[in-house]
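Going by the numbering used here, the first residue of the sequence shown is number 1163, and it counts up by one from there.
One or more of the hints may lead you astray.
[Claimed, not checked] Computed cross-link-like contacts, DSBU-like style, restricted to lysine-lysine with a CA-CA straight-line distance of at most 35 Å: (1) K1346 - K1213; (2) K1346 - K1275; (3) K1194 - K1354; (4) K1275 - K1432.
If you're looking for bench data, these hints aren't it; they were derived computationally from the structure. Just so it is clear, the structure is predicted and the values come from calculations on it, not from any experiment.
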Amino acid sequence: MKKMKCKTLISFGLSLAIVLTGTIPATNASEKQPTSEVRTTTNDIYTKEGKLLGNVVKTHSVQVIEDNNGTHTTVTTFEDFTLLPEYAEDINYTSVFKDEERVTEIEFDNTNKTITVDGEELDVDKMASPITNRIQARSDTGGIPALCHYYSNSAMTSYSFACYQSMNYNWVGNGNGHGEPEGKNIQKTGIKPSNQWFAVAKNSIDLFDNSYSDYRRAYAFTLAEAAAIGWTGVIWAWSPAGWVAAGGPLAVSAGIVISDFKGAVDDLEKAYTYVNKL
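From just these sequences and the hints, can you work out the full model?
Here it is in structure tokens:
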């Protein structure tokens, strides 16, 4: 069977921003040259039941410009999906695992000590809040129980789905680095594989699980990078907000974290839409 990749260009519209308090160490930013970097990763795509679906190549092109006014970071992210032949012509898979591109603009203002992402403000209080909402379920086999998941009976003839409408950032404090469930919660039980929306809903949760894992890996990498260079500051500085303000290579990594988080949010919202159709 001939392989076929579905390529679709999508612009992600989630907007994030933050009002920061504290002090960023002064630098002679006017003399700094722009920092540009391209990072590419390739990951296999599995369902939570262990089935290999294909792979995705993710490319981040990042530019960081620092001047006396602050730091401007632009991240262009492109995801190139390749499905195995048995899935490459199945619309239940190609409609979910499809190529996507998003551009993220991040600004740190030296004067106001604020960070905006795509022109909108992040809430520092939400950033520091603990995860309080959980979906409790047994025999989970797919997705992230706190956000969106599915599970089945032992014979895999009947499934249950549970999903939040979206998620917020939780980058500081208890449970830091994990998404905070947000919006409505929907739960569906007794869903048979014969349901016309079953495959798409299940695949969309697997996609979210993979994209959320990408975000978590980027977050962990940048946290380790900050520690390795001896990065210090107030509590919010140990977050993508503070790492962007640092400028240079650390801002590159932070930009990727924020871009990957945006991608995971978008995938969660799509999963919610499909689960709602079951």
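Quick rundown of the hints versus the structure:
For a cut-off of 35 Å, the pair hint linking K1346 to K1213 stands: about 30 Å separates their Cα positions. For the hint linking K1346 to K1275, the alpha-carbon distance of about 33 Å falls within 35 Å, and the restraint holds. Restraint check for K1194 and K1354: the C-alpha separation of about 59 Å exceeds 35 Å, so the hint is violated. Simply put, K1275 and K1432 have alpha-carbon atoms about 34 Å apart, close enough for the 35 Å limit, and the pair holds.
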